[in-house]
Structure formats: structure tokens, C-alpha cells
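Sequences listed follow chains X and W, in order.
Take 396 as the starting number for the first sequence in this note's numbering and just add one per residue.
Take 396 as the starting number for the second sequence in this note's numbering and just add one per residue.
Keep in mind the hints are simulated off the structure, nothing from the lab.
A portion of the hints provided could be inaccurate.
Just some of the chain X residues that point at chain W, by a computed CB distance under 7 Å [said to hold, decoys possible]:
id : residue
1  : F512
2  : D515
3  : K647
4  : I651
5  : P658
6  : K666
7  : R670
8  : I676
9  : E756
10 : S854
With a Cα cut of at most 20 Å, we get these calculated SDA-like pairs of lysine to any residue [unchecked claim]:
id : chain 1 : residue 1 : chain 2 : residue 2
11 : W       : K739      : X       : L511
12 : X       : K517      : W       : K739
13 : X       : K692      : X       : S754
Glycine included, every Cβ here is placed at the ideal spot set by N, Cα and C.
Number of protein chains: 2
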Amino acid sequence: MTVQLSRRNILKSTALAAAGFIPAAAAIAQTTKIPSQWDETTDIIIVGSGFAGLSAAVGASNTGAKVIVLEKMPTIGGNSVINAGDMCAVGTPQQAAKNVKDSPELLAQDMLRNGLFLNDPKKVKFVAEHANDNYKWLVDEIGVEFMPVVGFTGGHSVPRAVTTTAGSGSGIIMPLAAYLKKKGIEPRTRNYVERIYRDDNGRVVGLCVREGYRFGKEGSGRPKNIQATKAVLLAHGGFGADVKYRSLLDPKLTEIFKTTNQPGATSEMWKEAARIGGMMIQSDWIQCTPWNNPLEKGMGYTWNFGQYVAGEAGIWVNTEGKRFVNENANRKVRADAILVEQGKGLKAVAVANKAATASLEGRRPGFMDKALKDNLIKQYDSLDALAADWKMPADTLKASIAQLNGYFKDGKDPQFGRIVKDLKPMEEGPWYAMEMSPKVHHCMGGLATTIDGKVLDVSTLEPIPGLYAAGEATGGTHGAVRMGTNAILDCLVMGRAAGTAAATQG
Amino acid sequence: MTVQLSRRNILKSTALAAAGFIPAAAAIAQTTKIPSQWDETTDIIIVGSGFAGLSAAVGASNTGAKVIVLEKMPTIGGNSVINAGDMCAVGTPQQAAKNVKDSPELLAQDMLRNGLFLNDPKKVKFVAEHANDNYKWLVDEIGVEFMPVVGFTGGHSVPRAVTTTAGSGSGIIMPLAAYLKKKGIEPRTRNYVERIYRDDNGRVVGLCVREGYRFGKEGSGRPKNIQATKAVLLAHGGFGADVKYRSLLDPKLTEIFKTTNQPGATSEMWKEAARIGGMMIQSDWIQCTPWNNPLEKGMGYTWNFGQYVAGEAGIWVNTEGKRFVNENANRKVRADAILVEQGKGLKAVAVANKAATASLEGRRPGFMDKALKDNLIKQYDSLDALAADWKMPADTLKASIAQLNGYFKDGKDPQFGRIVKDLKPMEEGPWYAMEMSPKVHHCMGGLATTIDGKVLDVSTLEPIPGLYAAGEATGGTHGAVRMGTNAILDCLVMGRAAGTAAATQG
Numbered sequence: 396m397t398v399q400l401s402r403r404n405i406l407k408s409t410a411l412a413a414a415g416f417i418p419a420a421a422a423i424a425q426t427t428k429i430p431s432q433w434d435e436t437t438d439i440i441i442v443g444s445g446f447a448g449l450s451a452a453v454g455a456s457n458t459g460a461k462v463i464v465l466e467k468m469p470t471i472g473g474n475s476v477i478n479a480g481d482m483c484a485v486g487t488p489q490q491a492a493k494n495v496k497d498s499p500e501l502l503a504q505d506m507l508r509n510g511l512f513l514n515d516p517k518k519v520k521f522v523a524e525h526a527n528d529n530y531k532w533l534v535d536e537i538g539v540e541f542m543p544v545v546g547f548t549g550g551h552s553v554p555r556a557v558t559t560t561a562g563s564g565s566g567i568i569m570p571l572a573a574y575l576k577k578k579g580i581e582p583r584t585r586n587y588v589e590r591i592y593r594d595d596n597g598r599v600v601g602l603c604v605r606e607g608y609r610f611g612k613e614g615s616g617r618p619k620n621i622q623a624t625k626a627v628l629l630a631h632g633g634f635g636a637d638v639k640y641r642s643l644l645d646p647k648l649t650e651i652f653k654t655t656n657q658p659g660a661t662s663e664m665w666k667e668a669a670r671i672g673g674m675m676i677q678s679d680w681i682q683c684t685p686w687n688n689p690l691e692k693g694m695g696y697t698w699n700f701g702q703y704v705a706g707e708a709g710i711w712v713n714t715e716g717k718r719f720v721n722e723n724a725n726r727k728v729r730a731d732a733i734l735v736e737q738g739k740g741l742k743a744v745a746v747a748n749k750a751a752t753a754s755l756e757g758r759r760p761g762f763m764d765k766a767l768k769d770n771l772i773k774q775y776d777s778l779d780a781l782a783a784d785w786k787m788p789a790d791t792l793k794a795s796i797a798q799l800n801g802y803f804k805d806g807k808d809p810q811f812g813r814i815v816k817d818l819k820p821m822e823e824g825p826w827y828a829m830e831m832s833p834k835v836h837h838c839m840g841g842l843a844t845t846i847d848g849k850v851l852d853v854s855t856l857e858p859i860p861g862l863y864a865a866g867e868a869t870g871g872t873h874g875a876v877r878m879g880t881n882a883i884l885d886c887l888v889m890g891r892a893a894g895t896a897a898a899t900q901g
Numbered sequence: 396m397t398v399q400l401s402r403r404n405i406l407k408s409t410a411l412a413a414a415g416f417i418p419a420a421a422a423i424a425q426t427t428k429i430p431s432q433w434d435e436t437t438d439i440i441i442v443g444s445g446f447a448g449l450s451a452a453v454g455a456s457n458t459g460a461k462v463i464v465l466e467k468m469p470t471i472g473g474n475s476v477i478n479a480g481d482m483c484a485v486g487t488p489q490q491a492a493k494n495v496k497d498s499p500e501l502l503a504q505d506m507l508r509n510g511l512f513l514n515d516p517k518k519v520k521f522v523a524e525h526a527n528d529n530y531k532w533l534v535d536e537i538g539v540e541f542m543p544v545v546g547f548t549g550g551h552s553v554p555r556a557v558t559t560t561a562g563s564g565s566g567i568i569m570p571l572a573a574y575l576k577k578k579g580i581e582p583r584t585r586n587y588v589e590r591i592y593r594d595d596n597g598r599v600v601g602l603c604v605r606e607g608y609r610f611g612k613e614g615s616g617r618p619k620n621i622q623a624t625k626a627v628l629l630a631h632g633g634f635g636a637d638v639k640y641r642s643l644l645d646p647k648l649t650e651i652f653k654t655t656n657q658p659g660a661t662s663e664m665w666k667e668a669a670r671i672g673g674m675m676i677q678s679d680w681i682q683c684t685p686w687n688n689p690l691e692k693g694m695g696y697t698w699n700f701g702q703y704v705a706g707e708a709g710i711w712v713n714t715e716g717k718r719f720v721n722e723n724a725n726r727k728v729r730a731d732a733i734l735v736e737q738g739k740g741l742k743a744v745a746v747a748n749k750a751a752t753a754s755l756e757g758r759r760p761g762f763m764d765k766a767l768k769d770n771l772i773k774q775y776d777s778l779d780a781l782a783a784d785w786k787m788p789a790d791t792l793k794a795s796i797a798q799l800n801g802y803f804k805d806g807k808d809p810q811f812g813r814i815v816k817d818l819k820p821m822e823e824g825p826w827y828a829m830e831m832s833p834k835v836h837h838c839m840g841g842l843a844t845t846i847d848g849k850v851l852d853v854s855t856l857e858p859i860p861g862l863y864a865a866g867e868a869t870g871g872t873h874g875a876v877r878m879g880t881n882a883i884l885d886c887l888v889m890g891r892a893a894g895t896a897a898a899t900q901g
């Protein structure tokens, strides 16, 4: 017997259904009765129009599958389109031009080391091994344009960051969208997923969507049931902007933390995927950026100064004028270090001179002029003036810079272990300074998936038939700490693989 | 419309049910049809007979509720009964006798600091505030006997560990079981929970149990449906012995790691609680002990030497003869440090002289004699003999001990920050040594619950009516790192509170 159907309950339900009554049960039931009739039918439905969603759409549609892409917000691209556009790649012409020796194995090592070995080693290997062909695919097939320079981002052991000429993730999102448009696929904005339909055999068979949904207005839009004959693919991103959900997983991340995320980075799909039995792993690993400017809303743009100017060729000090961390450590190490300084009542300040801005200006021309004009970075003729303005002891600041300059000359940082090869000592002004304060940025954990994106069931630990996922909605690639520039790589590589698998394996 | 009942499906199900057919769907459906008839009815069903389960049974039954306690293994007590019996308590006579100044606030600070502030601050406060009355309750009402001494355990800032005279957790489990027996409650062993019934209104209403179940023999035992008119309370413990489940959450913890846990510490109830919509948080935080003896199976008993002799009054060295960690840091810090040494091809060795054993012998008389006789700890007349046997340089070992002796005299350890007050320098032999190697020990994460033990739903983040949980099955009290001795405290305090709430609020 084990589990019995209760005939009385079924008959009762039937009577209620006949009377047109929708029981409250529907809101909590972990499976949902599938519609008797579908409003629309397609092969693959993709939820989300960021890096993962659009590359999944390319992968799926290239097999000949019929694909629908849904986006709950009024515009496409989610966090991806406001992303910095810096992508990790291995074996690029940009690395070759700077004689950078790199390999998939070295990238995989960096990912595991920074991820505290909490990563799924199979995913790490897969992503690292595609860090070269992913770059080529973007350039050759999608038509993405990258700058000729390479950047050095926190946690990586060599420079690997290639940057879109657009200077943001839109430089990838827009070409992907144009590529899909030629194939007749246009993401449907304002389409909110209200229900994932998982049938009595455990298969995901479609979605209930609200068309014309207005974000933040519950119940808005017209309900529509769309059937997916092959698969539903979840690429809904993270929940960094959802204070209630994130603080349930990490109680530190209350509303006092701002976020770099767009307002739609909320948890609805996390809850819905969990409701139908999607297994979540490592969701408590929520990354804060170290280097955001508290004067800006959201991600802003002057974080580039913290990372690529002061972090790569300058110095980070607290308002006692002292270095307190490896300026190019991984994000967790640096964000935690800043929180410790803030806990002492101090501020974290990125400091550099004009010469240190050269590398960034090569990638983002006009950056410094704009930031100074916007009053987001401040300029000083002397370190004395800078120190006075930030109420820090000038002598200590000068001593910290002199010490770091010595490390630049030696090519070794015995204080914090920063990689300081080929860096010029900071001697002449003008000097620049900007405060940095952590913001909630990236969800490392998420749905447990196989290499080809199949979502595991909480109960059986086996794939849920018809359900795939990729990108920030999933866990395992990054472990405890995602390295900067690895989000785009992960989303594109795993997204394309999952889209292809969803269309061919269903 | 949002979600529609499909009349055709319902009629089909009805026809199948009438024909006595149990659909395969039952195995994966996230809700389960409740039985048309129950085999037994009670107020509260408690799953698990460890510290949390039995204290919940006391809490519930003291309100007058009818309680059933289920245990899948042939004997009661799970990991609790093989636990060390060292419990965190504040304001005890044992602390007073040693003039230890302590407070709930100090305990809460220690828990948050070691937990990396990933803990739920409300749970921390609740547990810390009951660390005194919990001790009194055990002594005065349950009849537990504690030794007159107090121990100093890793991560705590003052000595707080009181130890049962039985020298293990059985010194608490047996009196709790005797207390319950007087009230007519005896845990039912070999009762495996196959299904949690959650009805169409979202309420948990009972369980399908296999009576006479034999652990490891799937499908054994006779199915029985038990109704809980008030609540089901989950106190099923952790999954430390379940390699597949734990390595899905933390891929490092493969079969190469042994475990201190009893064989029944597996994931069946984790999967079943998740299947019906129980929200899991922080399950990837799985603690390894630092100090287990690799010569012993499971927990063994000689870890006491690593913690309470060498950790409290001796030294930990690697096989280069060098100290490598604060011997009384929290478990994660020490376990990770040992793994680093092992990664270099070295071993971690606990070393102490006879004088250092005094405190432990006060609590576990005869311990050293037994361990030496069992060949689990080795004795040497001189440090030269010890060093030779462990293939470590004697000079380095002697220098490390001399340096630490200096710290003991100064009352300060500038090398690793260990608290070294009131410790005698190690001068005379005989000397003892034992290897230590991490084993999987405790699951910090688990079901998200309110202070009174209500389990949250993954979809609504609100309590699931009729479902409670406590103990290692839950997350939030310990955050990233559980301090030694805090498991008993957490399980008893939260178990009793949840049992009381389940019986009075239902």
C-alpha cells in the first residue's frame, strides 16, 4: 500500500473543479495539475534573457528546435546587460600580445583554489576547457568585438580578462539578441513565470506565464499556459536584490547592504524551482564585491578604479593610511577585509596616481575624465592634500606607498602576497582617491545540475526529466568564491551546452 | 485561471484508484495523497531518538500530548548516544569552582565569531540564554549526573564543557529515555519513515512508517500509516555517513574521508523533508573533526587526547616537529590546518607529557591506561625516542616545545593566539603521542526553522503547518562552524522548545 489515493478527496476535488472553484491547495501543492489545454506549444522554453538564457537559445535553436525565451522585466539582459563586459578567456590574441602564459589547467586551479574546493571539479574542468573556444565562438560566430588589451582580475594568477568594445555586458547581449533575431527568436519581455508544471510522471512539461506582467505588481499580466515538448531551461539568474531571501541564507546580508544587481534579481524562480523539487546546493555562498563606490547606486562604473587602477597598479589603504589586504586577492578576501576595517570605524580608500590609470584608459577611454566630472573620484595635487581630505595621517600614507613601491621594484609583496610584476612605482601626481564599500553581487550556489544542465531532484538526486538550468541560477562552478570575469564564461559555456542538450536529449 | 485542475486527469486517477492501481507518480510527486484510513493516531510523532528527539518528547508530553517517538535503527540515541557527553553550559558550579567568568552574551559572541556570522542571531541568543537553565533542567528534572570539573573546548573563550559521569552522551540519553518511560513513552526502534504526508491544504498530517525495518535493507518492514493530529517533529540528525549526499553538497568530502558518525547518519529524511517542500539552508557546511585517531573506527575515544590533553595542555606538531596551528582553535581552523599538513605529505601529531593528562584524567579516570593498552596512544621515556619513532627531527620538536613552554610562562601565544593561561610548561616525561586525522562529523545546515521549531516552506518561506524540526536536522544555530560541546546544548534547548510548541500550537 505505502501511498494510497484517497478516493473521497479526488471526488471532492472533481466536484470543486466542475464548479469552477480553484482550491487554495494549488498555491502550496508541490506538483501542479497540468492544464487540460495548452495556449501555446513549443520545443524549448528558456526562462531568462541574460548570458545563460541567450546562449542556451543559440545552442537549442542551432539544433533546429523551436525556442521561446521569456523575460519578466521590460527589457532583456538582466544583470548581464549591466555587467562590466570583462570576460575570462584563455589563449587569446590579447594574452599572446602580452606574452601571458596560460592554460585551461591553470584556470581550473585558480577556480578551485579561490572556490575553496567547494566547486564541482567536473564543471570547473568543462568551463576551463571551453575558455578558448567560447571566446572564438563569440568573435567568429556571434560577432562580439573585444578590445585589444587584457586585464588582471582578483584571484586569477595571470591576466585573462578581455573586454567588449561596448565596455559592458551589452556588448555580448546585443550581438546574441541580433543573432537570435535572424533566426526568428525574440525574447518576450514582461513574461513572468508563475508556475512550472511537473506532471504525475515527474516530467516538467510547461509553464504558466503572465504575459504583460509589470515587475513588482503581483497578479499583473494575463495567464497563459505554454507547453514545452522537449524541455524547460531555467536561466533566471540570482537573487542578490532580494533581501528577505538572501538574509534567510546568509543572515549578515540584511538591507544595510546595497546591491550591484538590477531590481529584478529576486527569488521567485528560486522558490518555484525548489517547490517542484529542484535540488539547491551552496545557496548560502553569496558574493559581495569589494570595490563598489558607495556614492553610486547599484553597480555604477567607478568600481573600475578600485579594481583596475588601484587594484592592479595602485594601493588600497584604510583611513589610518595603512594597507590592509592584497589589492588583487579574490573578492571574498577583499570584501571581508573591508568589512573588518569598517567594523573598526574606518573607511577603505582606493588610491593611485595618473600613471596607474594607463591600463584602464586603454580599455575604457575617457573613464577618468567622466569619473572626476561626476565627482565620484577625487583628484589631488599631492598626497598631503589627499590625506587631509580623507582625514588620514599623511606620513603613514606616504610610508605605505613607499613600501609598496619597493615591492613593485622587487617584483614581490611579502606583506600580502599580491602579484606585483611589471608594475611602475607610484612617484608623481596627480593623485586620485575613491571610497570602496561592499555590495551584494553574485549567488555562487543554486540548482544542482549535471554537466549538460540537467536539474537534480531533491528526493531522488537524479535528473528531473524535461528540466535544465544554467548560469547564476545553478551551483557548482564557482564553489565558495566566483572570480571576477568568470560569470560570463560560466553562463555562456554552460548555457550553450545546456541549450544544446535540452534540444537533443529533451 | 492561474492553475487549473484537469478534470480529465482527475477522472483518470479516480478510475485507476478504483482499480486499486498505485501510480508510479507517487514516488516522485511532491505531495502525497493521504491515506483514506489511518492505522494509528496520536498527537505528536517525533522522528529520531537522539538529544533533540527525546528532549522534544519530554517537552511535548509535559503538556499532556500523546507522543510517539520513531527510530529507524535497532537501538536508540543515534549519534547522541556515542557522543562524548561534553556539554556547553554557562554559570555552572563547575565554572564557579574554577572562577570562570562567563555569560550568555559571551557564549553568543563565541558562537557568532566561530560561525562566521552565518548563524541566525535569534537562534544563537535563544540557545545561549538557555545554557544555564538547560543544565539545571538536566540535573534537577531528568537526573543527569555531571563530573565536578570543567573542560576547555576549541573555539570557546572560556572553559564551559561539563561532562556526564558516564563519559558519553548515553549519560543524557539514558536518563531522558528513563524519564519518558515513566510517562509511558518508549521510542519505537526499527521504524523507518518512508513518507511524510502533506495534504492538499499544505498541512503535514502524518507519516508512512515501515515497522520492523532493517537498516540498509530497502523495502524491509511492514508499512503503517500513523496520523499526527497536532504535528510531526523531525529530529533525524545529520547525513555525515552518507557519502553521495555529502559530496553533492561539498565535493571534497568523498569516500576518502572517514566519519565519526554511526552508520545510520544518512540522508533519507533530508530528501523526504525536501520533497514535501522543507526549506534547507547552509547544508554545504559539513564539519570535520580535527583530532580523530585514524587507528580507530568512527569516533573512537582517543580523540580526547588530541582535544583535552595535547589541545588543552600540550602541543600539536607536524612530522617536521613544528607547531602548525592554535591547538584550541575551532574545529574548522584545526581540521583545515591538518589537511594542509597532510597535503604536504606530513602527519599531524598530538604530543603531551604525563602532567598534561591530569585535567582529562579528572573527568575520564583510567583513560590513559586504556589508550596505551589499546596501542592507540604511544608512550616514550624521552622526546628523542618520540621523535625517532615518528621520524621527526628531535631538535625541532624540542625547540617547538621549549617555545610553547615560554608562551605558557608568559600567558600569551604570539605565534597562533592560543589561550594559554594557567598552563604548566611541559618539562618531564613520560611523553605521549598520537596521530590525528579529520573525519566527517557534523552537519551545520539543515531545515530552516523558526525559534520554536516550525519548518519553513521553500515556496512561501512561511511555516509548513504541522511540521516542526530540531537538532542537527536544522540549520542556523551554528552557522559555518559548530563549536565543540554546542551540539548537545542546541539539540536539548531547541528540541524541548520545539516539542512544547508542537504540542501547544500544533
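Checked hints:
Contact between X/F512 and chain W, as hinted, is supported at the beta carbon level, the nearest pair being about 5 Å apart and thus within 7 Å. Taking 7 Å as the C-beta contact cut-off toward chain W, the hint placing X/D515 at the interface holds, the least distance being around 6 Å. Annotation: interface hint on X/K647 holds; nearest CB of chain W at approximately 5 Å, less than 7 Å. Taking 7 Å as the C-beta cut-off, the interface hint given for X/I651 is violated, the closest approach to chain W being about 13 Å.
Here the hint on X/P658 is broken, as its CB sits about 19 Å from the closest CB of chain W, past 7 Å. Interface hint status for X/K666: upheld, as the beta-carbon distance to the closest one in chain W is roughly 5 Å, under 7 Å. Hint status for X/R670: holds, given a least beta-carbon distance of 4 Å to chain W, under 7 Å. Given hint, X/I676 at the interface with chain W, holds; its Cβ is 6 Å from that chain's nearest Cβ, closer than 7 Å.
Here the hint on X/E756 is broken, as its CB sits about 39 Å from the closest CB of chain W, past 7 Å. Checking X/S854 against chain W: minimum C-beta separation of about 4 Å stays under 7 Å; hint holds. For the given pair, W/K739 sits about 17 Å from X/L511 by alpha-carbon distance, which is consistent with the 20 Å threshold. Restraint check for X/K517 and W/K739: not satisfied, since their Cα atoms lie roughly 24 Å apart, outside the 20 Å limit.
Our distance criterion of 20 Å between C-alpha atoms is broken by X/K692 and X/S754, whose separation comes to about 25 Å.
The structure shown violates the earlier hints numbered 4, 5, 9, 12, 13.
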